[in-house]
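Participant: Here is how the chains run, residue by residue.
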Amino acid sequence: MKTRFEKLAVLVLIGITLHSCNSDDDGSIELSAPEITNFEYGEGHHGEEDGHEHEPEEAYAYKGSDVHLEAEINAEATVSSITLSIHSHDLDVAEDEEEWDFEQVYTDASYLVINPTFHEHVDIPNTAPEGEYHVTLTVTDENGNSSEVEGHLQIMNPITTSNVSIDEAVVRGSDFHLEFMIEAVKGIHNVSVDVHAHGLDILEGEEEWHFTQVYEEGLHGETSAEFHKHIDVPSTAPVGEYHMVITIEDEDENISKIDAHIDIPE
Amino acid sequence: MKKIKKFLCFIMLLFINSCSTDDSASKDVEKPTISIAYSGGFPKGCDQLKRGETYVFRAMVTDNEALASYSLNLHHNFDHHTHDDQVGDCDLNESKSAVNPWIFMQNFSIEESSLEHEIEIELAIPDDIDTGDYHCAYSVTDASGWQGRTSIDIKIVQ
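Listed in order, the protein sequences are those of chains P and W.
Per this note's numbering, residue 661 is the first one in the first sequence, and the count goes up by one each step.
Per this note's numbering, residue 57 is the first one in the second sequence, and the count goes up by one each step.
Any given hint could be a false lead.
To be verified - In silico DSS-like pairs for lysine-lysine, Cα to Cα no more than 30 angstroms straight-line:
{"#": "1", "chain 1": "P", "residue 1": "Lys846", "chain 2": "P", "residue 2": "Lys723"}
{"#": "2", "chain 1": "W", "residue 1": "Lys211", "chain 2": "W", "residue 2": "Lys100"}
{"#": "3", "chain 1": "W", "residue 1": "Lys87", "chain 2": "W", "residue 2": "Lys211"}
{"#": "4", "chain 1": "W", "residue 1": "Lys152", "chain 2": "P", "residue 2": "Lys846"}
{"#": "5", "chain 1": "P", "residue 1": "Lys917", "chain 2": "W", "residue 2": "Lys152"}
{"#": "6", "chain 1": "W", "residue 1": "Lys211", "chain 2": "W", "residue 2": "Lys152"}
{"#": "7", "chain 1": "W", "residue 1": "Lys152", "chain 2": "P", "residue 2": "Lys667"}
{"#": "8", "chain 1": "W", "residue 1": "Lys61", "chain 2": "W", "residue 2": "Lys106"}
{"#": "9", "chain 1": "W", "residue 1": "Lys100", "chain 2": "W", "residue 2": "Lys87"}
{"#": "10", "chain 1": "W", "residue 1": "Lys211", "chain 2": "P", "residue 2": "Lys846"}
{"#": "11", "chain 1": "P", "residue 1": "Lys917", "chain 2": "P", "residue 2": "Lys889"}
{"#": "12", "chain 1": "P", "residue 1": "Lys667", "chain 2": "P", "residue 2": "Lys723"}
{"#": "13", "chain 1": "P", "residue 1": "Lys667", "chain 2": "W", "residue 2": "Lys59"}
{"#": "14", "chain 1": "P", "residue 1": "Lys846", "chain 2": "W", "residue 2": "Lys106"}
{"#": "15", "chain 1": "P", "residue 1": "Lys846", "chain 2": "P", "residue 2": "Lys889"}
{"#": "16", "chain 1": "P", "residue 1": "Lys917", "chain 2": "P", "residue 2": "Lys723"}
{"#": "17", "chain 1": "W", "residue 1": "Lys152", "chain 2": "W", "residue 2": "Lys100"}
{"#": "18", "chain 1": "W", "residue 1": "Lys106", "chain 2": "W", "residue 2": "Lys211"}
{"#": "19", "chain 1": "P", "residue 1": "Lys723", "chain 2": "P", "residue 2": "Lys889"}
{"#": "20", "chain 1": "P", "residue 1": "Lys723", "chain 2": "W", "residue 2": "Lys59"}
{"#": "21", "chain 1": "P", "residue 1": "Lys723", "chain 2": "W", "residue 2": "Lys211"}
{"#": "22", "chain 1": "P", "residue 1": "Lys667", "chain 2": "W", "residue 2": "Lys87"}
What the hints assert, rightly or not - Far from chain P by the CB rule (all over 10 angstroms, computed), these chain W residues:
{"#": "23", "residue": "Phe98"}
{"#": "24", "residue": "Gly101"}
{"#": "25", "residue": "Thr110"}
{"#": "26", "residue": "Met116"}
{"#": "27", "residue": "Asn156"}
{"#": "28", "residue": "Glu176"}
{"#": "29", "residue": "Thr187"}
Stated by the list, open to error - So the derived list for chain P, only partly shown, Cβ under 8 angstroms to chain W, looks like this:
{"#": "30", "residue": "Thr738"}
{"#": "31", "residue": "Ala769"}
{"#": "32", "residue": "Ser770"}
{"#": "33", "residue": "Ile774"}
{"#": "34", "residue": "Asn775"}
{"#": "35", "residue": "Pro776"}
{"#": "36", "residue": "Asp912"}
{"#": "37", "residue": "Ser916"}
Worth flagging that the hints you see were computed from the coordinates, not collected in a lab.
None of the values given here were measured: they were computed from a predicted structure.
Ideal Cβ placement from N, Cα and C applies to all residues, glycine included.
The shape of chain W in the complex, shown without the other chains (with noise of 0.2 angstroms):
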């Protein structure tokens, strides 16, 4: 008897431990966030940047668990589409046709997987593209895949 018993603890302890894993292994269920609201965050809504400058993009991202990587994307807004989470309400300029008009988009990994990252793009505004209004969209991925994006409204001036 005493001899099941043990077994039975034995068991037990396997059965507690074999599914203690799975408990674990709890669903990461928040996206990552990403915020221009701090005072070195760039470009804010509705900021004119001017053709041939150089400026440093910068944006903080977060996670709960682990940040994989980030993108910045520039493309025109020309035709006055909208994404989610727009920041900025500004006065559009008419609608028009692109002739030159920039795109940049670039992926970046963060490397030590952490909670928290101050993205620092520097980037220069080339000087024959088309003027006008600009989306510049951020957006950042964690290990698990969710995806946190923010587009800000800007202009590109002479």
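Isolated chain P, as found in the complex (with noise of 0.2 angstroms):
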């Protein structure tokens, strides 16, 4: 009786030992998945905790430029790897554009700790389509546990024109009218005017015509202009339909570029 009572007694001793330690083992493995917060990213996006009254502007970044990225993790269990993830849905791609895909997953040793904040500048190619594209910071930890966060960010090109009046048929001999506004965050730095035509029958009395002319007087330097111009066609031009290239260019090289075409009746 008594051996039965002492194994019963060092049994359930050891039954409420080993209970009590193994849930506290299990304690310390559960750490709670990474946080992210105060994901920012391009300009004009504001934090949803920032208290500002108005309402929250769609995050912008210029094609040729960089966007800048930020946010702060915090990763009970040490971050393992940050990925971060920039794509379009769908956007035309035109001629000279490509589509934009980037993701990378960022490893620094500076990042691999329980409380980085993730700080990176991404260069946007200039020849990325313009529209929305959808931005993912994903955490992981040393756990495999991850979290997401995610947004909207519009890509835009840093030249646009608008209100675009070209002529589209001019008698030679006369002048034709092309007027367009401008906008250039980085600064105008020229704009060429390019009219020319292809396989035209060239006449007794004329000869062929081709104009390029490069502007910069009034437009050098601003961020919003007015182009106004009336080009002279000399009466020896050919008859015929002309294409014209209209190409702004501002201080950091990007280009916009406006197609037009231009009948020179008989």
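Build the complex: two chains, separate frames, hints provided.
Facilitator: Below is the structure:
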């Protein structure tokens, strides 16, 4: 009887001991997933908690420049990697553009801590299509838990034109009119106009006409300007349809083009 | 009965012993600190550094348990961004686009897991980089993985 009681006591006590320590072990493994706060990127974007009274603007960045991203991270189990993705869905890709899909995994030593601040500048190629992009930031910890934050980023052309008004036809020997507004955040470098035709018949008394001119006056260095010109067409220009390319270049070598046609009737 | 008492004592000891190890493993919740606020600390907020010159970057780092590593990062601030724990509120130049900005980033480990260490990094500033506003960012990490950071506004001049 004695021995049985002893054995029982030992078993019960060992059971309690193991049990109590077992639960402690569990508790130390259960570290919560990483927290990401104050995720900011681009310009015009405000965090939700900054108490601004106005509606937050949509974040934007210009192609050909860089977008700045920042987030505060708290990962009890220590960060093992940070993944940034900037991608678009179904944006129209123009002829001289290239789809831009950015993804990078950051494992710099200074990020692999409990409380890093993510801070990166990502270059946006000047061939990236304009439009809305999705930004996602994923933080994974040493235990394999991960958290994600996401948002939208508007990628814009640093040069925009509006109110474009260009004559569609011009009688040779007179002039035609072209006019538009330019907004260029980096400042206008110059505007060039090129008017040319392909394979037109050149009759007697006519001479091939190819017009090129670079304009700087009143434009250079301006961030907002009106372009208004009258271009003389010589009376010897062959009849036909001409192609016009207007190229606006800013101080950062970004380019915006306007394509137009102008007809010279008989 | 005596035997049972002995057993009970023995088991109690086991119990206390087994759990005491857990208790002593208290969690480190303190971040390491970093300071340039002493006579040798360099650079100070708003300091102007010359291209082509060599400087010794100095900061004091401390921790409550054990220091593990630190890093120095210099990058341009032509876009006027900010960091937490900014040192210096200087007059910034106009925002501009970077052409050939200087970026320096290096990690160093602290071997002896000490509680205090003075960072000393000798660095030559290249003479072909963009001048203007820069951030000098120190970070320090302790053995538990906590990081302390400080960012100093500086200017690199001709």
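Participant: Run every hint past the structure and note whether it holds.
Facilitator: Results for each hint:
1. Lys846/P to Lys723/P: Distance of about 12 angstroms is within 30 angstroms: holds.
2. Lys211/W to Lys100/W: Since the Cα atoms of Lys211/W and Lys100/W sit roughly 11 angstroms apart, the hinted pair holds (cutoff 30 angstroms).
3. Lys87/W to Lys211/W: holds (29 angstroms)
4. Lys152/W to Lys846/P: Distance ~9 angstroms between Lys152/W and Lys846/P Cα, so the pair holds.
5. Lys917/P to Lys152/W: Distance of about 24 angstroms is within 30 angstroms: holds.
6. Lys211/W to Lys152/W: holds (14 angstroms)
7. Lys152/W to Lys667/P: violated (81 angstroms)
8. Lys61/W to Lys106/W: violated (79 angstroms)
9. Lys100/W to Lys87/W: holds (22 angstroms)
10. Lys211/W to Lys846/P: holds (23 angstroms)
11. Lys917/P to Lys889/P: holds (17 angstroms)
12. Lys667/P to Lys723/P: At roughly 78 angstroms apart (the allowed maximum being 30 angstroms), Lys723/P and Lys667/P break the hint.
13. Lys667/P to Lys59/W: With a Cα-Cα distance of about 11 angstroms, the restraint between Lys667/P and Lys59/W holds, given a limit of 30 angstroms.
14. Lys846/P to Lys106/W: Roughly 28 angstroms between the alpha carbons, so the hint for Lys846/P and Lys106/W holds.
15. Lys846/P to Lys889/P: holds (23 angstroms)
16. Lys917/P to Lys723/P: Given that 30 angstroms is the threshold and the Cα spacing comes to 15 angstroms, the pair holds.
17. Lys152/W to Lys100/W: Status holds; Cα separation ~24 angstroms.
18. Lys106/W to Lys211/W: holds (9 angstroms)
19. Lys723/P to Lys889/P: It holds: about 29 angstroms lies between the C-alpha atoms, which stays within 30 angstroms.
20. Lys723/P to Lys59/W: Cα-Cα ~83 angstroms, so violated.
21. Lys723/P to Lys211/W: At roughly 27 angstroms apart (the allowed maximum being 30 angstroms), Lys211/W and Lys723/P satisfy the hint.
22. Lys667/P to Lys87/W: violated (49 angstroms)
23. Phe98: holds (20 angstroms)
24. Gly101: Correct as stated: the minimum Cβ-Cβ distance to chain P is 19 angstroms, above 10 angstroms.
25. Thr110: Correct as stated: the minimum Cβ-Cβ distance to chain P is 24 angstroms, above 10 angstroms.
26. Met116: holds (19 angstroms)
27. Asn156: Correct as stated: the minimum Cβ-Cβ distance to chain P is 14 angstroms, above 10 angstroms.
28. Glu176: holds (19 angstroms)
29. Thr187: Check passes; 18 angstroms lies beyond 10 angstroms.
30. Thr738: Holds - the Cβ of Thr738/P comes within 8 angstroms of chain W, reaching about 4 angstroms at its closest.
31. Ala769: holds (4 angstroms)
32. Ser770: holds (5 angstroms)
33. Ile774: Ile774/P check passes; min Cβ-Cβ to chain W is 4 angstroms, inside 8 angstroms.
34. Asn775: holds (5 angstroms)
35. Pro776: holds (6 angstroms)
36. Asp912: Given a least distance of 6 angstroms, the restraint on Asp912/P holds.
37. Ser916: violated (17 angstroms)
Hints 7, 8, 12, 20, 22 and 37 from the earlier list are contradicted by this structure; the remaining hints agree with it.
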